[in-house]
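Enquirer: Residues per chain are reported as follows:
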Amino acid sequence: MGATLKQHLIDPEICIRCNTCEATCPIGAITHDDNNYVVDPSRCNACMDCVPPCPTGAIDNWFRVTRPFSLEEQLSWHELPPRPADPTGEEAVDALDEEAAALIADAHRGAGGYARAPASASKPRVNLFGRAAPAMARVTGNYRVTKSGTSSDVHHIILDFGTQPFPVLEGQSIGVVPPGTDANGRPHAMRLYSICSPRDGERPNTNNLALTVKRVVEARADGTTFRGLASNWLCDLQLGETVPVIGPFGATFLMPDDPDADIVMICTGTGAAPFRGFTERRRRLGGHGRGRLHLFFGARTPEELPYFGPLQKLPATLLDQELVYSRLPGRAKEYVQHRMLRRAGDLAALLRREGTHIYVCGLKGLEEGVDAAFAEIAAAHGLDWPALRTRMREQGRFHVETY
Amino acid sequence: MPDGLTVNYDGLIPNNVDLNADARVRKALETWHPGYIDWWKDMGPEGFQEALVYLRTAVSVDPKGWAKFDYVRMPEYKWGILLAPKVEGRLIGFGQHKGEPAWQEVPGEYRGMLRRLITIQGDTEPASVEQQRHLGKTAPSLYDMRNLFQVNVEEGRHLWAMVYLLQKYFGRDGREEAEELLRRRSGSQDSPRMLGAFNEATPDWVSFFMFTFFTDRDGKMQLEALAQSGFDPLSRTCRFMLTEEAHHMFVGETGVQRIIERTCAAMREAGIEDPADTERVRALGVIDLPTLQKKMNLHFSLTLDLFGSEVSTNAANAYNAGLKGRYREDRLEDDHRLLDATYPVLRCRDGAIVREEVPALSSLNMRLRDDFVQDCQGGVNRWNKVIEKAGIPFRLSLPHVAFNRKIGEFAAIEADPEGRVLTAAEWAAGRDRWLPSTDDNLFIESLMRPVSRPGEFASWIAPPKVGIDNKPGDFEYVKLWG
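So the sequence lines, in the order shown, correspond to chains A and B. The numbering of the first sequence is our numbering, which starts it at 1 and goes up by one. The numbering of the second sequence is our numbering, which starts it at 1 and goes up by one.
It is worth saying that the hints were derived from the structure and are not from the lab. There may be inaccurate statements among the hints.
As the list claims (entries may be wrong) - Facing chain A, a subset of chain B residues (Cβ under 8 Å, in silico):
{"hint": "1", "residue": "G47"}
{"hint": "2", "residue": "Q49"}
{"hint": "3", "residue": "D62"}
{"hint": "4", "residue": "R73"}
{"hint": "5", "residue": "T243"}
{"hint": "6", "residue": "E253"}
{"hint": "7", "residue": "K385"}
{"hint": "8", "residue": "T423"}
{"hint": "9", "residue": "W427"}
{"hint": "10", "residue": "A462"}
{"hint": "11", "residue": "V466"}
{"hint": "12", "residue": "D469"}
{"hint": "13", "residue": "P472"}
{"hint": "14", "residue": "F475"}
For glycine and all other residues, C-beta sits at the position ideal for the given N, C-alpha and C.
Okay, chain A solo, but in the shape it has when bound:
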């Protein structure tokens, strides 16, 4: 495949020619004639300013093309041409930034195929801020959420955007680039972190978001210690410091807005981040629907389980919690997949329900144990897990994000 680009196109069948996009575009990349409104591929820098104000959704089309459609071609259209096949099978755009897109594609690989967004998920905004012009956030909180003295140093970091809108949905990620340059003098690679707060901020109607970051400090076999560049930088941020933020990213690992949907959340360590957002979103909505949240959360000990304290305060009517520990003194090692098997009957009932959405998030490898557990549970209850998993994935009801 030759070089491709994601071309921004307006759907002439849906567009009502209201001129909002042309009036909004800060660089004059949108123009029109008597027939159509069109985007100049040589000018559009995908800043996304025109996307949220469009009243119809006609503006939000991104085709992966090898040769961009010219203005003349676009002006002559009465409908969009057939969408060129995307080799990844991707439908929603997780990120226009290629670096972020590759990171997300890698994190989602464990789902076994392209996972659509839940049908009732809100429309995510992606790529509003790029490397060249990031949003500047101020650190307004940075504290440890695992017990001090344990080797697992996980931080809850709050980033406030002040007057700059940074709209996110639960399950989305942001990108950060550690300051400085690498050994070759180039800027460091981008890192993605899941947002752990709900869409309306740490408190309702605050313009901030939070991350759950584990400080990476690993003893190496040769006696040296590896210190993760980005995680240590983030965990050491002082209040008031400014952080350039890229994104938001992610268009599929989103929660269903349907309050009747059951959500099964399986995670280890900082994989709990998106589920903190899901849970808080549901809590704020105040139990309008019949849907429940089911959490399987693994850590070595309660002291090393992020947010252990706050989790104890959540009512069982909102969140059915299974906290699972692998290093409790005097107890056999237990992992989330073991606990899933102990709840096989409940999980089988959930698998049968059309409204159930399953999410897996944590370190790479988690998905294998979880998959085996689902296969075992399904087989014992007369369900075909591989077929069900494929169907759920295509319906936007099965998601994996591991790293």
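Given chain A, work out where chain B should sit, using these hints.
Expert: What follows is chain B alone, placed relative to chain A:
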């Protein structure tokens, strides 16, 4: 702070005008607020105040995050005051003050004229909510019901926008005008709304879609003209309102389009080729195209009356004073003073329709109306594309501007949709061929039955191509029982 981007959400009234620092205006608005809520409960959507509606709320004036969607009970909607960011060094773009810095305060000599412009604009906003208050009960789907309520709450916000200007800049006079805006009632004998079309009933959903297509488009044209104003707070307010107004255009254009799609599909399925065979078409539970044409004739002509007299000294004065410009004045290339220019105007002379060159300053209403007609024509062309695609030999067309007029040059004559001048007898004989007859209205009324299961639509309208906020087809846009 305040840099025009910060939206304060802590107080009663979300705003980016730093209300906290302006105790007088804040108090005035907080005093006005209970009356507004009472008005909304009395005159807003009847029977749905407790329903949870999936609504868009404007939360920022930055395009990246300007609105968010969520379930809201309408009386709890956050009606805020949001002005587009201030453009530093903005100059007045037209009229005798062209090139002077835009006014941040009301210029004394134009106080009365400006107050009247703002009050008239403000009066239309609650009026349409009142006109549409019964429509929720006959919504053809939850999707359409949600769109109706979205239009309603945003008209409510536009009232707030105008009331803010009145309270902030016009002292006691402004306060009294703000009270009056809550006192007048659409269609009332004693205290009607200020403009004719806003006292007409919106009895059914076809009227609602035609109203949002035509009459809200007049609103768009007026906002575009006021967005050019040399009075900067008015310009900034109107620029932000236009972002919301675009959704109202969308509701109208796609509403009518979906009716046409459904009618064409039903005709094809039934093998009906003659669009004039209204009896057979109606038997399919869809609206025949000739009736749609009549509805269009009605709403188009009523809306033209809103532009006022073709030749108008008021419009000339407002332009000359730098208060109200032309449609997209900043894109036009001329001297922006119009002292020597002329403009062709259709006039009524000795019972005939003739074109005359008139001083451009006096014919600004006519010019805005021409821009409006052109904007409408684009939408009609897109509707016709649907009919053409279905292979049905019928085309919708805008009637002549002289047709069915009550205000301006043509109020004195009768004309048919082609612009032929008629005698009173000819008009009486033809009226029911051009405007909805009692039978037509009864037929439409017979179709107005509510459909309230998610994902289902009434027989006479097709589902939309894309859901609001990209929601799937069976999304429950309104939770009727909260």
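Enquirer: So, for every hint listed, does it hold in this structure?
Expert: Going through the hints against the structure:
Contact between B/G47 and chain A, as hinted, is not supported at the beta carbon level, the nearest pair being about 20 Å apart and thus beyond 8 Å. Among the interface hints, the one on B/Q49 is violated; its C-beta lies about 17 Å from the nearest C-beta in chain A, farther than the 8 Å criterion. With its C-beta approaching chain A no nearer than about 5 Å, B/D62 sits inside the 8 Å limit, and its interface hint holds. Checking B/R73 against chain A: minimum C-beta separation of about 12 Å lies over 8 Å; hint violated.
For B/T243, the interface hint holds, since its Cβ comes within 8 Å of a Cβ in chain A; the closest pair sits about 5 Å apart. Residue-level restraint check for B/E253 holds (minimum Cβ-Cβ distance to chain A is 5 Å; threshold 8 Å). Because the smallest distance between the Cβ of B/K385 and any Cβ of chain A comes to about 7 Å, under 8 Å, the interface hint for this residue holds. With a cut of 8 Å, the hint placing B/T423 at the interface with chain A is violated, because the nearest CB-to-CB distance is about 38 Å.
Interface restraint check for B/W427: the shortest CB-CB distance to chain A comes to about 34 Å, outside 8 Å, so the restraint is violated. For B/A462, the suggested interface contact is broken, since its CB lies about 13 Å from the closest CB of chain A, more than 8 Å. Given hint, B/V466 at the interface with chain A, holds; its Cβ is 5 Å from that chain's nearest Cβ, closer than 8 Å. Given hint, B/D469 at the interface with chain A, holds; its Cβ is 5 Å from that chain's nearest Cβ, closer than 8 Å.
The interface hint given for B/P472 is met, as the beta carbon of that residue sits about 4 Å from the closest beta carbon of chain A, less than 8 Å. Look at B/F475: its Cβ gets to within about 6 Å of chain A, closer than 8 Å, so that hint holds up.
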